[in-house]
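Position chain B against the provided structure of chain A, taking the given hints into account.
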Amino acid sequence: MRRQLPLSLHLGAVLTLLLVAMALLSLLWTPYPAEQVRVIARLKPPSAAHWLGTDHFGRDVLSMIMVGARNSLAVGAAAVGLGLLGGVPLGLLAAGLGRWGDEVVARLGDLVFAFPAVLTAILLTAALGAGAINVVVALALFNAAVLARVTRGAALAVWPRPFVGAALALGRGPLSVTLVHVLPNIAGIIVVQATVLFAVAIVNEAALSYLGLGIQPPSPSWGKMLGDAQTYLFTAPLQAVFPGVAIALCVMGLTMLGDGLRDWLDPRHRSSGVM
Amino acid sequence: MLGFAQLGVSMPSFWIAILLILLFSLTLHWFPAGGFPGWGGGIGPALHALVLPALALAVPEAAILARVTRTAVLDTLGEDHVRTARAKGVGRTAVLLRHALPNALIPVATVLGLQISFLLAGAVVVENVFTLPGLGRLLYQAIGQRDLIVVQGVVVLLALFVVVVSALVDIACALADPRPKGVSS
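Protein chains in written order, with the numbering used here: chain A, 830 to 1104; chain B, 340 to 524.
The following block holds chain A by itself, in its conformation from the complex:
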């Protein structure tokens, strides 16, 4: 029997793909150049010419949201990619090395977790200056800690299984066992976690850009757009709605994708027939 794909997986994948498509489209085409300033047409409500209106510099909001999608997804992808590169090997190492290495990785993780990701990013931007790169570094640090912990937990559950023992008995080294037998068995868990972290990274980037510490103008970012819109809340209230909708849809798509993948990979999470 073929396993039914969960609904959330479908919806999440469609939403995410739509956003990625929008971000890619912005490379080739936007209704207006996203950084084109036309003060004469500032703070206009949505119309046929500007579907989502214009901001306080007369920039087209739809174009800015499209380019903002590209910026947000790029920051999120970089933060999660670097997190995977750093966290997964550390987690595998911790599980493979046994007590001593395990302890070191776990304490390092505790150290990172004591500082919420946004605080780390604020500290880093305060020391090194605001900018997308520093935000990526701070978020990647946090993601690496989370992924190391998740990888370690999942790998520890695989190590005692008979086929790992069999491979070791056949003379395979620990490195080869880790790569050939442990990693494929925990890849699903890691992918699910990475999807969720992607969503978290996008929210955090928006929050930091809202504060003016993330992506720097004139490059548009959803968070910055919300920050600007707040100043003009009386005259153009809708400008405070559209970028938020974009963030919410993006995060919703990614979390649903993560939930759907988890339900699909792990039969335990499907509702049981007891109640």
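Do not rely on the hints blindly, as some may be mistaken.
[As the list claims (entries may be wrong)] Just the calculated beta-carbon pair ranges, DEER-fashion:
| id | chain 1 | residue 1 | chain 2 | residue 2 | range |
| --- | --- | --- | --- | --- | --- |
| 1 | B | Gly342 | A | Phe1063 | 51 to 61 Å |
| 2 | B | His368 | A | His885 | 40 to 50 Å |
| 3 | A | Tyr1061 | B | Val429 | 53 to 63 Å |
| 4 | A | Ser1048 | B | Leu487 | 24 to 34 Å |
| 5 | A | Ala986 | B | Gly383 | 51 to 61 Å |
| 6 | A | Pro1047 | B | Phe343 | 30 to 40 Å |
| 7 | A | Gly930 | B | Glu418 | 28 to 38 Å |
| 8 | B | Gly374 | A | Leu854 | 33 to 43 Å |
| 9 | A | Val843 | B | Arg437 | 37 to 47 Å |
| 10 | A | Asn1014 | B | Val429 | 19 to 29 Å |
Read the hints as simulated data drawn from the structure, not as lab findings. In this text the structure is predicted, and so the values were computed from the model without any measurement. In this text, a Cβ means the ideal position worked out from N, Cα and C, and glycines have one as well.
Leaving out everything else, chain B in the frame of chain A:
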């Protein structure tokens, strides 16, 4: 219900804050859009100014906890003691409240402890939305003025707070665990 939780998780707290200002301050004029009168003017006006910031932080939090509680309860419903309780004739609601919920509260409390750090980070941003004179606003202004010593102090203080709360939550979890002590499941 689940859709609402999904929506709440997806909306960043500072956007909820802006939407709340739009609705309750600019349209309905129920609450102030920002600022803080201080505790000197009595508790009433001070709390009045804190309603919207608190709500902005609470909505995503409630949505996250709703999702965690649902998963945790579904997990415990599959366990043997729940089936036993159903089999001996306990009603659905009673099983949910007396047999499933106490066990499910452990992961909920754990997540609550982890969320404290995200709440603090969220407060830094939300304080700036409402221009509340708190640690978050202090931190933000200190960055603007390149006052690294203040930034460092505030961040270390917040990190200390996170560590203490995590420790307290761990202790609370150990105390609240309904399973018999010293028996591995």
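Now for the hints, and whether the structure bears them out:
| no. | hint | result |
| --- | --- | --- |
| 1 | Gly342/B / Phe1063/A: 51 to 61 Å | violated (32 Å) |
| 2 | His368/B / His885/A: 40 to 50 Å | violated (24 Å) |
| 3 | Tyr1061/A / Val429/B: 53 to 63 Å | holds (58 Å) |
| 4 | Ser1048/A / Leu487/B: 24 to 34 Å | holds (26 Å) |
| 5 | Ala986/A / Gly383/B: 51 to 61 Å | holds (54 Å) |
| 6 | Pro1047/A / Phe343/B: 30 to 40 Å | holds (37 Å) |
| 7 | Gly930/A / Glu418/B: 28 to 38 Å | holds (34 Å) |
| 8 | Gly374/B / Leu854/A: 33 to 43 Å | holds (42 Å) |
| 9 | Val843/A / Arg437/B: 37 to 47 Å | holds (41 Å) |
| 10 | Asn1014/A / Val429/B: 19 to 29 Å | violated (39 Å) |
Checked against the numbered hints given earlier, the structure breaks hints 1, 2, 10 and satisfies all the rest.
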